[in-house]
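Each chain, written out:
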Amino acid sequence: MSSADVLSERQLDRAFGALADPTRRAILARLAQGDAGVLEVASPFPMSQPAVTKHLRVLEDAGLISRRRVARQRMCHLEPGRLAQLSDWVGSYREYWEESFERLDAVLEQMRAPTASPTEPVPKKTVKKRGEGT
Amino acid sequence: MNTEIETPAGEPVIRVRRFFKAPPELVYKACTEADYIRRWMGPRHLEVSECDVDVRVGGAWRLVHRAPDGAEFVFYGELLELDPPRRRVGTFIWEGAPEDKAVETMELEAVEGGTLLTTTMVHSSVAARDMHVANGMEGGVVESYERLDELVAEEQAPA
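Which chain is which? The protein sequence lines are B and D, in order.
The first sequence: position 101 = 101 (this note's numbering), numbered continuously.
Add 134 to the 1-based position in the second sequence for this note's numbering, that's all there is to it.
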C-alpha cells in the first residue's frame, strides 16, 4: 500500500462508519486471527445469522473484509490494507501534533524554571540533513 | 504523553486532547503568545518562519510553516474570544483553501498535576475536515522520504 493512496471521502465515511459499531469491530478482531465461515463468525453473538450477514456486508462494502465461496461456505477474510490506509490517514496529522506537543512540553518546562529565558529556542531533535556527511 | 485525536464520522470536527504537566496559566500563554508558539508549533520537518498573534478580541494571527524544499504553508485567522486561562476561540484558515473558514476552540481544564488541553476544530464541511487531516499526510510522506534518505546515507557512509 502506498501512503499516497488517498481514500476518497466516501470510502473514508464507509470505513469509519463500519468501524463505529462494536459488533463489527468484534468481527474484525475475530477475522484478525484467521479466515472464518459466516456461522463461525456469528456464533459468539446473540443475534440472528441474517443480522450478522448484514454486518458482514457493511464491512465488505467498506473494504475491510472480503468474502469468497469455498465449497458450500462463504469464507470471510480480513483485508488489513484498508485498516492500514485508515491509520495512515490520521497518522501524520497525529505526528504533527505529537511532535509539536513534545516541544511544547519542553517550552513549559523552561517557563516553569526560575532561570527561564523566554528567547532561548527549544532545540529540535537533531536531524541529519540530506547530503550531510557525504 | 498520549495525544487523543478524534475525527467523528459525519461531523466536520477534529478534536485533539492532551495532558500537560504545567498549570493552565502557562499552557494558555505558551499556546497563545507568538514568542512561545514559534518555539514549538509543528513537526520537525516544518520550521515556523513567521508567527504573529495580536492577542485581543478581533486581533489577527498568522503562522507560516516552511518545509525543507522551501514550500510555505500559510495559516491565519482572527481571535474571537479570549478567556484566559480557560478558553480561547478563533477562526482558522489555510491559505490553500480559504473558502473553508474553520473555528477553533481551545479549552484548558486544571486537573491533578497539570492541565488537560482540548482543541476542537469545526470546519465548514466534512469534506473540508477530511482535507485538513489528509493534508497533514503529505507532510508525513515528505518526512518519511527524508528518513529514508537519512537511512540510505547512513548505510552508504564509510564505517
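A hint or two may mislead.
To be verified - Pair by pair, the computed Cβ-Cβ distance ranges are:
no.	chain 1	residue 1	chain 2	residue 2	range
1	B	Arg69	D	Ala261	52 to 58 Å
2	B	Thr23	D	Thr252	25 to 31 Å
3	B	Ala84	D	Tyr210	30 to 36 Å
4	D	Tyr210	B	Glu98	21 to 27 Å
5	D	Glu181	B	Arg10	16 to 22 Å
6	B	Asp61	D	Thr254	55 to 61 Å
7	B	Asp61	D	Glu184	43 to 49 Å
8	D	Glu233	B	Asp35	14 to 20 Å
9	B	Pro50	D	Ala261	30 to 36 Å
10	B	Ala51	D	Asp217	44 to 50 Å
11	B	Gly17	D	Glu233	24 to 30 Å
12	B	Pro50	D	Val182	53 to 59 Å
13	B	Ser66	D	Asn136	39 to 45 Å
As the list claims (entries may be wrong) - For lysine to aspartate or glutamate, the following EDC-like pairs were computed, each having C-alpha atoms within a straight-line distance of at most 16 Å:
no.	chain 1	residue 1	chain 2	residue 2
14	D	Lys155	B	Asp13
15	D	Lys155	D	Glu246
16	D	Lys163	B	Glu79
These aren't lab readings, by the way, just hints derived from the structure by calculation.
Here a beta-carbon is modelled for each residue, glycine too, at the ideal position from N, C-alpha and C.
Does the structure break any of the earlier hints, and which numbers would those be?
Hints 1, 5, 6, 8, 13, 14 and 16 are the ones this structure does not satisfy, whereas the remaining hints hold.
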